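2 protein chains.
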Amino acid sequence: MLRHIVLLRWTPEATTAQRRAAEAGFQALPRAVEEIRALSCGGDLGLTGGAHDFAAVLDFADADGWRAYQEHPAHRALVADLLKPILAERATVQFDV
Amino acid sequence: MLRHIVLLRWTPEATTAQRRAAEAGFQALPRAVEEIRALSCGGDLGLTGGAHDFAAVLDFADADGWRAYQEHPAHRALVADLLKPILAERATVQFDV
Numbered sequence: 001m002l003r004h005i006v007l008l009r010w011t012p013e014a015t016t017a018q019r020r021a022a023e024a025g026f027q028a029l030p031r032a033v034e035e036i037r038a039l040s041c042g043g044d045l046g047l048t049g050g051a052h053d054f055a056a057v058l059d060f061a062d063a064d065g066w067r068a069y070q071e072h073p074a075h076r077a078l079v080a081d082l083l084k085p086i087l088a089e090r091a092t093v094q095f096d097v
Numbered sequence: 001m002l003r004h005i006v007l008l009r010w011t012p013e014a015t016t017a018q019r020r021a022a023e024a025g026f027q028a029l030p031r032a033v034e035e036i037r038a039l040s041c042g043g044d045l046g047l048t049g050g051a052h053d054f055a056a057v058l059d060f061a062d063a064d065g066w067r068a069y070q071e072h073p074a075h076r077a078l079v080a081d082l083l084k085p086i087l088a089e090r091a092t093v094q095f096d097v
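Chains as they are written, first to last, in the UniProt record's numbering: chain A, 1 to 97; chain B, 1 to 97.
Each hint should be verified, as a subset may be incorrect.
Identical chains share a label here; the pair holds if one copy fits it or two copies do between them.
[Said to hold, decoys possible] Capping the alpha-carbon separation at 25 Å, the derived lysine to any residue pairs in SDA-like fashion look like this:
no. : residue 1 : residue 2
1   : K84       : A24
2   : K84       : D96
3   : K84       : G46
4   : K84       : M1
5   : K84       : S40
6   : K84       : G50
7   : K84       : E13
The hints are simulated quantities; they were obtained by calculation from the structure and are not laboratory data. Predicted model only: the values in this text are computed from it and were never measured.
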């Protein structure tokens, strides 16, 4: 199985409504993208300094499933409409589990 | 449950042996730190440009469990002995699942 991690940092101008819409957009992805085997995501709890603002963990059967997700219209729409407008920084890793 | 994500980027000088020792160090943590409910970790698969080199996902019952992990001698030894010598960059998020 392939595990996809993405950590996002929002711009200082991002509103609470925009942050919530971004999280809701991730939560809705499994209903649109059948290749997603599991998803967990959420805002940072503020336990440590320097943390990113948001994390998403998505599992796929393999790299082909991950690629299908990358190109899926629902994912592209989330990125373009809800993430990019408030995105300051992004960190990612894909690894085998 | 609290999910702790850490993404690490190694220095260009990091050897394969050092990278493997870092991953093995994470894999050994659940045997030493009873607060860890689950761990997955691994090196980046190289599917996308700009990715960090390594990811670890650790689950804890709550923030107290996470704090116990942060202060645990086995975790401190991993950080000091195996991570810091090859660490270039670190990104992290803690979120509720």
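From the Cα coordinates, with 25 Å as the cut-off, is the pair K84 and D96 best called within, between, both, or neither?
between (27 Å within a copy, 24 Å between copies)
Is it within a copy, between copies, both, or neither that the alpha carbon of K84 lies no farther than 25 Å from that of S40?
within (20 Å within a copy, 29 Å between copies)
If the cutoff is 25 Å on CA atoms, where do K84 and A24 land: within, between, both or neither? Let me know, please.
within (15 Å within a copy, 36 Å between copies)
Copy assignment of K84 with E13, given that the CA separation must stay at most 25 Å:
within (13 Å within a copy, 33 Å between copies)
Between copies, within a copy, both or neither: which fits K84 and G50 at Cα up to 25 Å?
Both. Shortest intra-copy (21 Å) and inter-copy (17 Å) distances satisfy the 25 Å Cα cut-off.
Up to 25 Å between alpha-carbons, please classify K84 paired with G46: within, between, both or neither.
Classified as both: same-chain Cα gap 22 Å, cross-chain 23 Å, threshold 25 Å.
If the cutoff is 25 Å on CA atoms, where do K84 and M1 land: within, between, both or neither? Let me know, please.
Neither: 28 Å inside a copy, 29 Å across copies.
Consistency note: the structure conflicts with earlier hint 4 alone.
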